[in-house]
Amino acid sequence: MLPDFPHLKTKLSKFLDARMKSIHNRATPFSRASAVCIQEGNCTKMIRADGTEETIEMKHHHTEVRISDEELETLSSEEIQRKFDEAAREMANQMTQTCFESLNKAISEVGNAVRYTGMPTVEDIFRMYETIDIDFDECGKPELPTLMCGRKMMEHLQALHTQIESDPETNKRFANLMIRKKEEWRDREASRRLVG
Amino acid sequence: MIERLVAGWLANATERSFQAPFCHTLTSKGMTVLHLTRHGEMEIGKDVIAVDRQGTPYAYQLKTPSGPRITMSEWRNGIASQVHDLVTTAVVHPSLPKTKPHRSFLVTNKGIDESVIRAIGDMNRRWEDAGQSYLKLETIVGGELLRDAIDLGTNLWPSELSQSRDILELFLQDGTGPLQTAKLCGLLQSTLQLDVGSRPSQSSCHQRFSSAGLLTAIAESEHARQQYHVAQIEAWTLYCCHVLAVAERWSLSKSVWMPAISVAKSTIWSLLEDLVAELRERKNMIEGDPINDNLFRRGRITRLVGFVSLFALWKRADGGIGENDEFAKEFCGKHRGSLWLWGEAAVPLLLAFYWFWRKVDATPSIDSLLSMLISGICEANGHQCPPDNALPNPYYSESEVLAARLGISDEPIEEDFRKHSYTLESIVHLFARLNWKMQMTTLWPSITHVWFNRFEPAAKWQFFLWRAAEGTHWDVAPRYPKQWSELRAEAEECNGNSVPEVVRNDPILLALILCVCPHRLTADVARWLDTQLADL
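In the order they appear, the protein sequences are chains A and B.
Heads up: the first sequence begins at 0 in numbering that gives the first Met the number 0, then just goes up one per residue.
Heads up: the second sequence begins at 0 in numbering that gives the first Met the number 0, then just goes up one per residue.
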């Protein structure tokens with residue numbers, strides 16, 4: 000064989016892996032969700048507290064990086080790295096799509112979908128919060144869900160939230176909604192008991 | 000390469016470490032091993048007693064000389080008198096006829112000096128001249144053992160390059176560190192052809208069990224050299240798991256698999272005795288580099304308390320409550336305050352302690368262990384707990400968890416363990432069985448924040464695999480509000496539907512398997528074991 004430095008290359012590969020993971024995490028909003036590793040088996044089933052059962056199918060995602068021998072001799076390290084960066088983004092896209100599909104399916108099944116035409120209004124925001132359960136932290140603050148959307152929609156939603164905060168009437172309405180949600184949360188928590 | 004590896008192992012083995020593979024070789028030749036001991040309390044001079052198909056008893060004395068051969072001085076200083084007892088005292092065993100003379104063998108993994116061979120010849124001649132030709136000492140030396148090992152064992156080992164490398168790595172591993180369980184299991188699975196879909200013949204099973212036995216002995220040889228008994232116990236328990244997997248999968252007759260399990264269980268039993276003997280001698284629980292030992296001591300103590308408890312339970316199952324039981328009580332009582340729930344993999348060890356302690360302490364004090372485990376898991380894995388404090392699930396070993404906690408792991412754990420537990424449901428059911436309704440009522444709200452996880456293999460035989468490719472991972476939310484009567488009914492159920500048939504007569508072995516493979520603990524298995532062990 001020709002002279003080589005396999006141990007150094009292994010170390011470099013670890014850096015490459017870490018870089019890919021970082022790019023992947025930045026490219027999907029779901030990287031912030033908690034991850035659970037299924038160590039065995041080929042099927043996952045879930046039974047909720049209300050007794051409803053769901054089977055979650057495992058999905059296989061993959062992406063390829065093809066670099067020919069000629070390319071390997073001509074491409075710079077940065078150019079090779081860019082190919083791997085692209086693969087990480089592609090992987091993130093696939094996983095994001097799967098996650099959204101699963102979310103949409105679950106939301107539609109329980110009837111929690113809020114539909115609107117054009118851009119959402121303050122009313123749509125209220126309708127959205129009405130449909131979901133909201134938990135509260137130890138200090139009594141609501142743990143509001145993360146909103147996922149594109150840049151344009153994000154700007155619009157931020158404007159709507161500013162509007163809710165600045166307008167005394169809608170602000171009061173929002174505060175009342177949160178008071179009601181807190182009561183519902185207390186009821187839920189109070190029902191976590193052993194009876195009989 | 001494999002032949003040289005076996006030769007190297009045999010040359011460095013002690014009479015203790017080659018005893019188990021020697022017995023497996025005997026079983027693969029169609030003999031039944033009736034008894035093996037390392038202490039010779041019952042059978043004077045006889046380490047192994049076996050019987051062939053014709054009913055002839057065989058008695059073996061195993062010896063490892065300090066040099067390459069048994070010398071005249073070693074012969075005179077002990078071996079001669081031991082083999083004299085071996086040959087002249089009758090083999091007493093309920094399975095053997097009292098009248099039939101036995102054949103006697105001096106077995107060594109090395110060689111025998113010519114002068115000693117002459118002395119053996121003279122001894123045999125004297126008996127013959129005295130009209131006692133049935134008294135005779137035969138020998139088995141290292142070369143014959145090696146040939147048997149290669150003929151009966153290694154040709155069935157996996158031959159792929161990667162797995163040959165695994166065998167070599169296991170042989171060369173540092174015997175002071177933890178056992179490389181995943182590697183050993185991969186090799187055992189290949190050797191026993193658990194990936195192949197055709198039913199093996201009876202003779203093939205014997206051969207494969209023997210081959211896997213030799214593989215296990217080689218994998219744990221460095222631990223044997225270091226007298227790291229816990230790692231050796233784990234290795235032989237994993238061997239049992241894989242033999243039981245074959246037996247369960249093909250519904251084999253007990254006569255096919257039981258000899259291999261008996262040998263392995265006797266080996267584990269002897270190792271537990273050795274462990275207890277070491278603990279009796281020890282002044283403290285410090286091991287290895289003492290400077291950093293305090294970070295690892297409580298985990299070590301938890302493991303030791305679990306194994307000592309199992310040993311005491313095993314002794315009770317065999318009908319013997321003696322000084323070992325007293326020692327177990329003293330040891331576990333002394334270290335009770337140091338037990339540590341470092342991860343969910345520690346739960347079976349703590350349950351072993353619970354099952355033992357309720358036998359020796361009639362007060363309800365041990366019940367608090369269960370309530371403390373429940374609150375400990377709920378506190379660590381609750382929805383509002385910091386993710387770094389959550390207890391890793393039972394798929395993570397002690398070394399992985401400790402490395403992550405200390406921030407020195409090569410691959411940091413990225414999984415979020417909050418809101419899930421693989422062991423909580425088991426403990427909840429055991430605690431509900433004790434009828435502590437008020438305490439459970441207080442605990443229930445926090446229990447409902449943690450989902451019960453369990454894995455259900457697609458087939459029962461896969462219960463014994465380190466990782467099963469087929470099966471269902473369950474994620475179950477505790478119901479609320481929950482009726483106490485409903486919880487009690489669930490907790491009292493003890494059919495053990497998920498317990499494989501081949502282990503239903505051996506709850507102690509199942510408890511041991513759980514300590515080595517903690518991810519196999521489910522509420523169903525825990526309830527069944529709780530009932531079985533209560534009846535001991």
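Hints are not guaranteed to be accurate.
[Said to hold, decoys possible] Computed footprint of chain B on chain A; a stretch qualifies when at least three of its residues, placed anywhere within it, have a C-beta under 8 Å from a C-beta of chain B:
1) 113-120
2) 188-194
[Unchecked claim] Quick list of the computed label-pair ranges, beta carbon to beta carbon:
3) B:367 to A:21: 44 to 50 Å
4) A:76 to B:6: 35 to 41 Å
5) B:162 to A:3: 24 to 30 Å
6) A:48 to B:318: 53 to 59 Å
7) A:146 to B:164: 49 to 55 Å
8) B:201 to A:21: 31 to 37 Å
9) B:94 to A:34: 53 to 59 Å
10) A:186 to B:277: 56 to 62 Å
11) B:13 to A:34: 43 to 49 Å
12) B:162 to A:151: 53 to 59 Å
13) A:135 to B:164: 36 to 42 Å
[Claimed, not checked] As a list, the in silico DSS-like pairs of lysine-lysine whose alpha-carbon atoms are at most 30 Å apart:
14) B:182 to A:10
15) A:140 to B:418
16) B:314 to B:328
17) A:58 to A:82
18) B:418 to A:58
19) B:459 to A:44
20) A:20 to B:182
21) A:8 to B:182
22) B:282 to B:253
23) B:28 to B:282
Don't read these hints as lab results, they were simulated from the structure.
Glycine included, every Cβ here is placed at the ideal spot set by N, Cα and C.
Results of checking the hints against the structure:
1. Taking a C-beta to C-beta cut-off of 8 Å, the region 113-120 of chain A contributes 0 residues in contact with chain B, too few for the three needed, and the coverage statement is violated.
2. Counting residues of the region 188-194 of chain A whose C-beta sits closer than 8 Å to any C-beta of chain B gives 6, which meets the bar of three, so the coverage hint holds.
3. Evaluation of the 44 to 50 Å hint for residue 367 (chain B) and residue 21 (chain A) yields a pass: the beta carbon distance comes to about 46 Å.
4. For the pair residue 76 (chain A) and residue 6 (chain B), the supplied restraint of 35 to 41 Å is violated, since their beta-carbon distance comes to about 48 Å.
5. Take residue 162 (chain B) and residue 3 (chain A): their Cβ atoms lie about 25 Å apart, and the range 24 to 30 Å holds.
6. At roughly 47 Å, the beta-carbon separation of residue 48 (chain A) and residue 318 (chain B) lies outside the given 53 to 59 Å, and the hint is violated.
7. The hint said 49 to 55 Å for the Cβ distance between residue 146 (chain A) and residue 164 (chain B), and at roughly 51 Å that hint holds.
8. Separation of residue 201 (chain B) from residue 21 (chain A) is about 56 Å and departs from the stated range, judged on CB atoms against 31 to 37 Å.
9. At roughly 56 Å, the beta carbons of residue 94 (chain B) and residue 34 (chain A) sit within the given window of 53 to 59 Å.
10. Checked against the given bound of 56 to 62 Å, the beta carbons of residue 186 (chain A) and residue 277 (chain B), roughly 58 Å apart, stay inside it.
11. Here the CB-CB span from residue 13 (chain B) to residue 34 (chain A) is close to 47 Å, well matched to the stated 43 to 49 Å.
12. Take residue 162 (chain B) and residue 151 (chain A): their Cβ atoms lie about 56 Å apart, and the range 53 to 59 Å holds.
13. Remark: the range hint 36 to 42 Å for residue 135 (chain A) to residue 164 (chain B) is contradicted by a beta-carbon distance near 55 Å.
14. For the hint pairing residue 182 (chain B) with residue 10 (chain A), the CA-to-CA distance comes to about 23 Å; that is within 30 Å, so the pair holds.
15. A C-alpha spacing of about 20 Å is found between residue 140 (chain A) and residue 418 (chain B), which places the hinted pair at or below 30 Å, so the restraint holds.
16. Taking the CA atoms of residue 314 (chain B) and residue 328 (chain B), the gap is about 13 Å. The hint holds against a cut of 30 Å.
17. For the proposed pair residue 58 (chain A) and residue 82 (chain A), the alpha carbon gap of about 24 Å is at most 30 Å, so the pair holds.
18. Restraint check: the Cα-Cα separation between residue 418 (chain B) and residue 58 (chain A) comes to about 23 Å, which is no more than 30 Å; the hinted pair holds.
19. Between residue 459 (chain B) and residue 44 (chain A), the direct Cα distance comes to roughly 18 Å. Compliance with the 30 Å bound is thereby established for this hinted pair.
20. A hinted pair counts as satisfied when its Cα atoms are at most 30 Å apart, and residue 20 (chain A) with residue 182 (chain B) qualifies at roughly 27 Å.
21. Of the supplied pair hints, the one linking residue 8 (chain A) and residue 182 (chain B) holds, its CA atoms being roughly 25 Å apart against a limit of 30 Å.
22. Of the supplied pair hints, the one linking residue 282 (chain B) and residue 253 (chain B) is violated, its CA atoms being roughly 44 Å apart against a limit of 30 Å.
23. About 45 Å separates the Cα atoms of residue 28 (chain B) and residue 282 (chain B), which puts this hinted pair outside 30 Å; it is violated.
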